[in-house]
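Below are the chains, spelled out letter by letter.
2 protein chains.
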Amino acid sequence: MSEVIAKAKMAKEASFALGVLSTEQKNQALLQMADHLITRQAEIIEANAEDLERGRQTGLSVSLLDRLALNESRIEAMAEGLRQIVELPDPVGETLQTMTRPNGLRIRHLRVPIGLIGIIYEARPNVTVDAAGLCLKTGNAVVLRGGSAALSSNRKIIDILHDALDASAIPKDALQIVEDASRSSVDEMLKLNGIIDTIIPRGGASLIQNVVQNATVPVIETGAGICHTYLDAEAEPAMASDIAFNAKVQRPSVCNAMETLLVHESFAAAHLPDIAQRMKEANVELRGDKRACTLVPGMKEAAEQDWSTEYNDYVLNVKIVSSLDEALMHIRRYGTMHSECIVTENELHARRFLAEVDAAAVYHNASTRFTDGFEFGYGAEIGISTQKLHARGPMGLPALTSSKYLIEGSGQIRQ
Amino acid sequence: MSEVIAKAKMAKEASFALGVLSTEQKNQALLQMADHLITRQAEIIEANAEDLERGRQTGLSVSLLDRLALNESRIEAMAEGLRQIVELPDPVGETLQTMTRPNGLRIRHLRVPIGLIGIIYEARPNVTVDAAGLCLKTGNAVVLRGGSAALSSNRKIIDILHDALDASAIPKDALQIVEDASRSSVDEMLKLNGIIDTIIPRGGASLIQNVVQNATVPVIETGAGICHTYLDAEAEPAMASDIAFNAKVQRPSVCNAMETLLVHESFAAAHLPDIAQRMKEANVELRGDKRACTLVPGMKEAAEQDWSTEYNDYVLNVKIVSSLDEALMHIRRYGTMHSECIVTENELHARRFLAEVDAAAVYHNASTRFTDGFEFGYGAEIGISTQKLHARGPMGLPALTSSKYLIEGSGQIRQ
Numbered sequence: 001m002s003e004v005i006a007k008a009k010m011a012k013e014a015s016f017a018l019g020v021l022s023t024e025q026k027n028q029a030l031l032q033m034a035d036h037l038i039t040r041q042a043e044i045i046e047a048n049a050e051d052l053e054r055g056r057q058t059g060l061s062v063s064l065l066d067r068l069a070l071n072e073s074r075i076e077a078m079a080e081g082l083r084q085i086v087e088l089p090d091p092v093g094e095t096l097q098t099m100t101r102p103n104g105l106r107i108r109h110l111r112v113p114i115g116l117i118g119i120i121y122e123a124r125p126n127v128t129v130d131a132a133g134l135c136l137k138t139g140n141a142v143v144l145r146g147g148s149a150a151l152s153s154n155r156k157i158i159d160i161l162h163d164a165l166d167a168s169a170i171p172k173d174a175l176q177i178v179e180d181a182s183r184s185s186v187d188e189m190l191k192l193n194g195i196i197d198t199i200i201p202r203g204g205a206s207l208i209q210n211v212v213q214n215a216t217v218p219v220i221e222t223g224a225g226i227c228h229t230y231l232d233a234e235a236e237p238a239m240a241s242d243i244a245f246n247a248k249v250q251r252p253s254v255c256n257a258m259e260t261l262l263v264h265e266s267f268a269a270a271h272l273p274d275i276a277q278r279m280k281e282a283n284v285e286l287r288g289d290k291r292a293c294t295l296v297p298g299m300k301e302a303a304e305q306d307w308s309t310e311y312n313d314y315v316l317n318v319k320i321v322s323s324l325d326e327a328l329m330h331i332r333r334y335g336t337m338h339s340e341c342i343v344t345e346n347e348l349h350a351r352r353f354l355a356e357v358d359a360a361a362v363y364h365n366a367s368t369r370f371t372d373g374f375e376f377g378y379g380a381e382i383g384i385s386t387q388k389l390h391a392r393g394p395m396g397l398p399a400l401t402s403s404k405y406l407i408e409g410s411g412q413i414r415q
Numbered sequence: 001m002s003e004v005i006a007k008a009k010m011a012k013e014a015s016f017a018l019g020v021l022s023t024e025q026k027n028q029a030l031l032q033m034a035d036h037l038i039t040r041q042a043e044i045i046e047a048n049a050e051d052l053e054r055g056r057q058t059g060l061s062v063s064l065l066d067r068l069a070l071n072e073s074r075i076e077a078m079a080e081g082l083r084q085i086v087e088l089p090d091p092v093g094e095t096l097q098t099m100t101r102p103n104g105l106r107i108r109h110l111r112v113p114i115g116l117i118g119i120i121y122e123a124r125p126n127v128t129v130d131a132a133g134l135c136l137k138t139g140n141a142v143v144l145r146g147g148s149a150a151l152s153s154n155r156k157i158i159d160i161l162h163d164a165l166d167a168s169a170i171p172k173d174a175l176q177i178v179e180d181a182s183r184s185s186v187d188e189m190l191k192l193n194g195i196i197d198t199i200i201p202r203g204g205a206s207l208i209q210n211v212v213q214n215a216t217v218p219v220i221e222t223g224a225g226i227c228h229t230y231l232d233a234e235a236e237p238a239m240a241s242d243i244a245f246n247a248k249v250q251r252p253s254v255c256n257a258m259e260t261l262l263v264h265e266s267f268a269a270a271h272l273p274d275i276a277q278r279m280k281e282a283n284v285e286l287r288g289d290k291r292a293c294t295l296v297p298g299m300k301e302a303a304e305q306d307w308s309t310e311y312n313d314y315v316l317n318v319k320i321v322s323s324l325d326e327a328l329m330h331i332r333r334y335g336t337m338h339s340e341c342i343v344t345e346n347e348l349h350a351r352r353f354l355a356e357v358d359a360a361a362v363y364h365n366a367s368t369r370f371t372d373g374f375e376f377g378y379g380a381e382i383g384i385s386t387q388k389l390h391a392r393g394p395m396g397l398p399a400l401t402s403s404k405y406l407i408e409g410s411g412q413i414r415q
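As they're listed, the protein sequences go chains A and B. Heads up: the first sequence begins at 1 in the UniProt record's numbering, then just goes up one per residue. Heads up: the second sequence begins at 1 in the UniProt record's numbering, then just goes up one per residue.
These aren't lab readings, by the way, just hints derived from the structure by calculation. There may be inaccurate statements among the hints.
Put simply, identical chains are the same to the list, so a pair is met inside one copy or across any two.
[Unchecked claim] Straight-line distance between alpha carbons at most 25 Å, and here's what the computed SDA-like set of lysine to any residue pairs gives:
no.: 1; residue 1: LYS9; residue 2: GLU375
no.: 2; residue 1: LYS191; residue 2: ASN210
no.: 3; residue 1: LYS9; residue 2: SER152
no.: 4; residue 1: LYS9; residue 2: ASN214
no.: 5; residue 1: LYS9; residue 2: SER182
no.: 6; residue 1: LYS172; residue 2: VAL86
no.: 7; residue 1: LYS290; residue 2: GLY203
no.: 8; residue 1: LYS9; residue 2: GLN213
no.: 9; residue 1: LYS191; residue 2: SER206
no.: 10; residue 1: LYS191; residue 2: GLY203
no.: 11; residue 1: LYS191; residue 2: TRP307
no.: 12; residue 1: LYS9; residue 2: ASP306
no.: 13; residue 1: LYS191; residue 2: MET299
no.: 14; residue 1: LYS9; residue 2: THR309
no.: 15; residue 1: LYS9; residue 2: PRO89
no.: 16; residue 1: LYS300; residue 2: SER322
no.: 17; residue 1: LYS9; residue 2: ARG352
no.: 18; residue 1: LYS191; residue 2: HIS330
no.: 19; residue 1: LYS9; residue 2: VAL212
no.: 20; residue 1: LYS300; residue 2: ALA14
Looking at chain A on its own, in the form it has when it is part of the complex (with noise of 0.2 Å):
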């Protein structure tokens, strides 16, 4: 038996123990997974080390590295993540619904945990504390399966995690670590169907849409964010410059950053080149269409390509449409129904997009970068959800359950 199924195996057997736990037990857990990893920081940051050094032979880019590092502040944050998931509302045993029914049956629809849920992540450690984090409070097993660059550190998270769990209430076995580097390790989880209950990718595009492809069991696909602000004929200036500009430069490397600013003609020529002077003040390289380039000297021209590619950097594609309509066809091409947002004053063309922009989060005169389970009151997010299908957007807590009908009679049959 591969190292993949024994472990999601043993995973799922631990998952029912774990999935009838009170609050409390698991609270009481998560605490100890913190203080474990405070205790021994210094342990987790030699491990580190090794990924490290291994990394830089290895040639791993400079952000790579940097989202591998560990050090004790970022120990400390992963430590204070999970306090933060202890002070969530538990959402598994919420009663959704009860009826009664004529015949007298009783029935009760109840939050459950899902079961067992894999993880497929790149070389971030902080993914590894967190996931467990998120898995473990909603009752879950986890199989956890990182980024290879990791490995070292992953491992050593997961030792301290599992001795934490020795003085809990929860199985130990219910958290799992793959350490097989190789990629049939991957290619093993996405077809353990009636096993793994549920696979969510965190990463790349190029790692989410292995997943999408490949896998037989249930995927909750997050992430990929294309997203355009659309500033149309009757937007007020400044704002629609301040939320361009935040849209793209506050933090490009993540989804919710714009990719695309779709621009009105009658804005532009009074205010895009203003716009664009700003943007490239910050570094920003700007691609436009042919009537972007002939408003802002120098811009260079954007290929094709490039409206579907999500840059995550300081890029942005710069596009002048004739109307409200246009900007909607282009959104509705090359969206990936991520966040999408409008600045206008006209509330009728406000109104219009919100309804007719098909994507998790639609904004009007505000900022894309605000779709975040934080920004929006859940706390910890596993995830932003871009399928519609179970969770849409920002996933708290109850994006990792599932329901159950309890049904109580006293001898009910069907006529």
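Given the coordinates of chain A, assemble chain B onto it according to the supplied hints.
Then chain B, alone, in the frame of chain A:
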């Protein structure tokens, strides 16, 4: 461009106009559809006769021919089904949550249509009408791919429904039927990510498994039911016999019928022979484990694969267990998480069974046959979900919706 892709693209395009229609507009269209089916039933029966003739020539079984056959009363039932859908509340537009954040952002979480739904099903023309009605009522466009044996009937039904839509606000293109009877049209549908938002298979286990194994589009898995009834040591004998008999015999062909009877050894000694006798008199073939065969002379011994077979027929597995735990373990191993029942007067055992069995519907002292949208009071159902994401158990109209967040601001940017 293949037929599937061309029709799916037309339907997707139409979904945007359909998605913003009012409940009244959609209901009016459904009533038109019902009226047209009634006034043109002679044409449907004529087309159906072609299918039946072809079916007889190709040697379809009697039960398949029965499912395929239409007559006046069946067409009236199809029209009545549409009228019942009209009476159901429209979930689209429902506000799930509203919140105002400290920064002044107003966030509304609303139910919206899923978009374009693909339905893959067998040669049952009633599903054509039923699925069309449920999808259109919830603002979804739909691509139907029914079994080839029903092609003449389906083509005629869709012609008639298209004519009905002419006098309605729903664009005709929102309702499409795939006429390509080859396997490749199904394969194509399963991979249309970005066009088809969800696939719902309706049919037998092999149809469903083909969809689950091969789809990259998100799937709502329905149907397969290996349901158990457990007669506990403290079951009330007459109730136990009635519930078991009803679960097996009242309609064996459906997914919520019982396939395996689990009996506690102390109850079995006194009561299994009578229950077995009653089953035999209803022409149920019994297959038991060794201990059951000892108690019921002449019972055939069950093969290992029998425990994981959904007979949908007058066949029943019988197993004697020594404890509630053994029953729970058997269900965990062989169940399909559909409907499971315990019959007992012992409240502690009932509570444990309800809490620990991982299934869409868990019963105490009532027949598993009640797992059904109508019996739960949901009106029509598109199927019974046996997966854990999005929807679980009988799926009413809300299961055919997604959600989105609308966020209204006054220039908020992220700090």
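Hints, verified against the model:
no., hint, verdict
1, LYS9 / GLU375, "neither (37 Å within a copy, 36 Å between copies)"
2, LYS191 / ASN210, "both (13 Å within a copy, 14 Å between copies)"
3, LYS9 / SER152, "within (23 Å within a copy, 48 Å between copies)"
4, LYS9 / ASN214, "both (21 Å within a copy, 24 Å between copies)"
5, LYS9 / SER182, "within (20 Å within a copy, 38 Å between copies)"
6, LYS172 / VAL86, "within (18 Å within a copy, 52 Å between copies)"
7, LYS290 / GLY203, "neither (34 Å within a copy, 52 Å between copies)"
8, LYS9 / GLN213, "both (24 Å within a copy, 20 Å between copies)"
9, LYS191 / SER206, "both (18 Å within a copy, 17 Å between copies)"
10, LYS191 / GLY203, "both (20 Å within a copy, 22 Å between copies)"
11, LYS191 / TRP307, "between (33 Å within a copy, 23 Å between copies)"
12, LYS9 / ASP306, "between (44 Å within a copy, 23 Å between copies)"
13, LYS191 / MET299, "neither (47 Å within a copy, 38 Å between copies)"
14, LYS9 / THR309, "between (39 Å within a copy, 23 Å between copies)"
15, LYS9 / PRO89, "neither (29 Å within a copy, 43 Å between copies)"
16, LYS300 / SER322, "within (21 Å within a copy, 77 Å between copies)"
17, LYS9 / ARG352, "between (50 Å within a copy, 23 Å between copies)"
18, LYS191 / HIS330, "between (36 Å within a copy, 23 Å between copies)"
19, LYS9 / VAL212, "both (23 Å within a copy, 21 Å between copies)"
20, LYS300 / ALA14, "neither (56 Å within a copy, 36 Å between copies)"
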